[in-house]
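K.L.:
Each chain is listed here by its residues.
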Amino acid sequence: MNIFLQQLINGVFIGSVYGLFAIGYTLVFGVLDILNLAHAAVFTLGGLVALWLVQNAALSIWLAFPLATLLSGILGLVINAVAFAPLRHRPDTYFSGLISSIALAIIFESAALGIFGARTVRFPINTITVHIWQVAGVTITSLQIEIVLIAACLMAGLTWFLRHSRAGKAIRAVAENERTARLLGIHVDSIIAFTFFISSALGGAAGILFGLYFGALSPDMGRSIELKGLAVIVLGGMGSIPGAIIGGIAFGLSEVLTVAISGTSNLRDAVAFTVLFAILLLRPSGLFGRKQIRET
Amino acid sequence: MDLHHIFTQFYAVYGSLINFIGINSLLAISLYVTLSAGQLSLGNAAFAGIGGYTAGILTMYLNVPYMVALCAATLMSGAVAVVLGFPVLRLRGVFLAIATLAFGEVVRILAINLQITGGAEGLTPIPNKTQAWMIFTALALVGYFMAVLRRSRIGWSFASIREDETAAKAMGINTTWYKTLAFTIGAMIAGLAGAMSAHLNYIITPGEFGFSAAVQLLIYNIVGGTRIWYGPVLGAALLTALPEILRGIGVSAGPVRMGVNGFILLMVILFLPNGLVSLFSRRKD
Amino acid sequence: MALLEIQNITRMFGGVCALNGVNFSVEQGKIHGLIGPNGAGKTTLLNILSGMTPPTSGNILFSGKNIHMLPACRVASLGMARTFQNIRLFPAMTCIENVIAGQHLIASRPLLPRLLQLPSAWRQDHEYEEDAMATLSRVGLENRAQVRAQSLSYGERRRLEIARALASRPRLLLLDEPVAGMRHGEVSQVAELVRILAGEGMTVFLIEHNMSFVMALCSRITVLNFGQVITTGSPDTVSRHPHVIEAYLGVDKSS
Amino acid sequence: MKRSQIFSMYILIVTALFFSATLTPAPAKAAAPEAKIGIVFSMTGGAASYGATQKNGAQLAVDEINAAAGATGIHIKPFFDDDASTPQQGINVFKKFINGDHVSAIIGPTLSDTAHVTDRIAQASSVPVLGVSNTAQGITEIGNYVFRDSLTEAVVVPNTIRTAKEKFGISKVSILYGNDGAFTKAGYEAFKKALLDQKVTILSEQTFAKGDRDFSPQLTEIKSQSPDAIVVSALVEEASGIVSQARQLGIPASVHIIGGNGFNSPSFIKNAGSAADGVLIGAAWSSTASNPLNQKFVKDYTAKFGNPPDQFAAQAYAGVYIVYDAIQKAGTPFAPAKIRDALAGIKNMDSVLGKFSFTSGRDADYKAVLQEVKNGKFVVVGE
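Residue numbers (my numbering), protein chains in the order written: chain A, 20 to 315; chain B, -3 to 281; chain C, 199 to 453; chain D, 9 to 391.
Do not rely on the hints blindly, as some may be mistaken.
[As the list claims (entries may be wrong)] Here are the simulated SDA-like pairs of lysine to any residue, each with C-alpha atoms no more than 20 Å apart in a straight line:
| no. | chain 1 | residue 1 | chain 2 | residue 2 |
| --- | --- | --- | --- | --- |
| 1 | D | K85 | B | G246 |
| 2 | D | K103 | B | F6 |
| 3 | D | K103 | B | T172 |
| 4 | D | K173 | D | K200 |
| 5 | D | K103 | B | H0 |
No wet-lab data here; the hints were simulated from the structure.
Construct the complete structure from the given sequences, taking the supplied hints into account.
P.N.:
Put into structure tokens, the structure is as follows:
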């Protein structure tokens, strides 16, 4: 029995990291109907910048984490200014926005390769003290709990922010209908820039937590989570924050259970993409999505 | 040194590069066809994989003649495209892209786990049958076909669907049928290119058909320009030769080349929306 | 003889009843108007007629054939063409290209003869281009043939969309607010064009808010309000009908 | 212009050319003979981290050789290039080396997938190619111009399993391997054959994909089977993740972890931290091997590049010396065919890898080594 429990914990843990990555991804899609494919590169750079702060600037992780998250947010502003704002008024904006974000992702990855080198590196051993507990035959580490808590706080914080704060409501208004939002006096351009700031900050934070737990950061670490992030936001419903959180946990669990049941993980990714494929065809609005997505 | 020697010297060094330009141009056109009907598909790299594996298996295990293997590969990719097309082509825009991307990843994972496709090491040794003239004859024929298609009823229907699918329906265009046709023609050309490439490199590995390969085809189209069929060919030729050009200028191997690639794409999408081909095409924009 | 018979068409969007038991018919070779306040369900009805949206219940007979289940492209191929309220032109194409695209149903343009470069193929193309130019000149856009649709003026776009609809030589032309936003001169030009088309035997069914245009042009008018037909008849009888006045001008409390 | 004037002008030009050629500031003696060697590794793409250390090892060897060769000895003129971890780019580089630069020998490429394709071109143009990190089957079978100085897993692994059985009494194991890379798949096949040959029961076979970082599902399964040891075929990024997560999941230290070539790098110990202790690594080279050439190499490399060398750097370094030794035996830096014959004839040459010779099939032949990680250092268990 405790193996199943252990797998459950593994699934919830990795699912919360997927969820944290996905809410930034889906936030931008919700507002602009465009996929920001540079998001995975921000995930990578967030982790590497935090590592640099801890190693070279000798900051404690509890200072480096918020600072690197902030820097990732600023990177988000750059992404918006360079890749999305200039294209907003073009007829094929969803298409060209996709391409410009791919271009930025390539540039960011080559910058990471150039600055931080190709080697896989990790946070110094004593960055964070890790206690390992054996509870009813199931092992949980303090780091796991801290990460799940931080992820949960960020997700809850974002949900509260969108529902109750003025800026949050403005973001939802722009997501609903940009022209009407403009009529109501919302400064749409700065709200969109602000959305990129939050989205990239969350993406960077997910990268730092991922690097911290798995002890492996490299310029191409964003690649494997990019496709899974895509599957999570489609599963959860494009543009829906609760969908991304629940989708992330569900996706993490499905990955872990596929391995547990089939005993081998070569089918793991195949299952993930087949599920994604099926959802797109049968229920493209996903679990919680509400956008009119399929027919014209 | 007489001209002949200079040419053989140039071809000896850059022969394989020229072949890759030809293959990548064919792959770029395969995506151009689908884009010309307004369908953003990221599955053409996977169709190239299907074509490559089909032809490779036929020539390696059943030593089927090369030309027959090419035709079989083209038809196989087309058949898979028709089956995949009907469910997938009801999706719009970025959702179609994600669905075809998921299909591409499933193909890649299957190729890794199946025995007949040679698993992770890839299918090898595939007899080296592809010659340069074959690639460029195919490219010329496909190019001619594209130019003529543009002026036929099919071409006008693709263009109408690309501009506005609803209006196209109201004009009597059976959009489902024509979208599937664009998707299938693209898949067949990709299958042909994949089969030729497999017989050029002795080997075909699953890694060549994943997400980044599909995105690369999209980049050829965007940089080249998707308004006219030889736009993507221009994009494919430039970006395939870029590493050699950069080496020639003395840009050291490593991240800088990758950065230059990304930078060119960004400049094109920001300042040259209709791609390089719009620089010297006479159409007033 | 009725070309188009609409038999108690109903359409529900979730709980909202957009159309409720609509019944009327459109005579062959006549100009039929459909008027009613905003939100009466006019465009929804047009979408149902053209096969864009399936009705919840009811039938549509087009020269006797039941078409309410057919998709838009099949309906169009039976000889019905339409324009859109918010103008759906092909922006990146020039005017002549828009009209050539509109010839889809009548221009076969087979691929094989073109591949073989047969002279008959190019002659055929030339003929179709001339036909497209003729259609353009009917709407007064012959000197704007090579201009991109996206750089046309509002009135010109409306006329180009009518030209594109005419390109497939339809038997029934559905116009969704053809003169909305046009200057007076252009309105009378369109009215003249529609009169000529009807004269040539084409049946025209149009939705319009410009009352003088409708009253002058249409031989029969149907008034729609809250998804129900108030009345169908000649312009005079309709303009004096109490419910029509009430729907437009509201009830006179004093009387 | 009269014919005679043209003729005299002609003579003038020819003599001017002749004198200028001899008076060009050539060094006093004829230039020292130069052997042109093409060296191609993956500087970008998936295998970039291996290409980087390989280039360092090769560069160090080239600098040492050119310094030692002095004015008269044969110098090495290296042509470094990047195959971007793809067969396509590898072909372009090989063609440029052979037809453009007319190199006499080639070292590389990094990945076996690329070698499968590029080595055929070297064979067809009869230019000897020495792989320094290709361990998959079917590489040296391509032809008599294809060599490699990297011990294949098929040689290293049986020795590892035998020693592990004798020393730690291992009878039942679980296997965990990366199934979408030629390097890790080849390692898995060698381990499986060795385990079956030596009658070790295999409880289960778990797989993961390149780039994966989360191994807890597989490790939880393995933990429930309580094996004597976990046999892992992985690259270094995955290896450190697997080991640290295994210990974090509570798999006791009594359950040994046995790794292949992929583990043999200082970044494995750095990244895995204390979890690396007790891990057994069968490898083709050890940084703590006592042979003096090796000690000097480790000291010089660490001084020059700031971090200790890994197996990939060592095999690249040895590869340059092997090719140089063959060029010296062939007596001329320009005849690829003679260099090939000299390479084939190398027997018991002293190198950082130990007493090195080529087998008849042109594979590497020297003593593999089993290492155990003890408080942060590789310790050689049994020769």
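K.L.:
Now look at each hint and say whether the structure bears it out.
P.N.:
Quick rundown of the hints versus the structure:
no.: 1; hint: D:K85 to B:G246; verdict: 17 Å, holds
no.: 2; hint: D:K103 to B:F6; verdict: 10 Å, holds
no.: 3; hint: D:K103 to B:T172; verdict: 47 Å, violated
no.: 4; hint: D:K173 to D:K200; verdict: 15 Å, holds
no.: 5; hint: D:K103 to B:H0; verdict: 19 Å, holds
Against the hints set out earlier in the document, a violation occurs for number 3 only.
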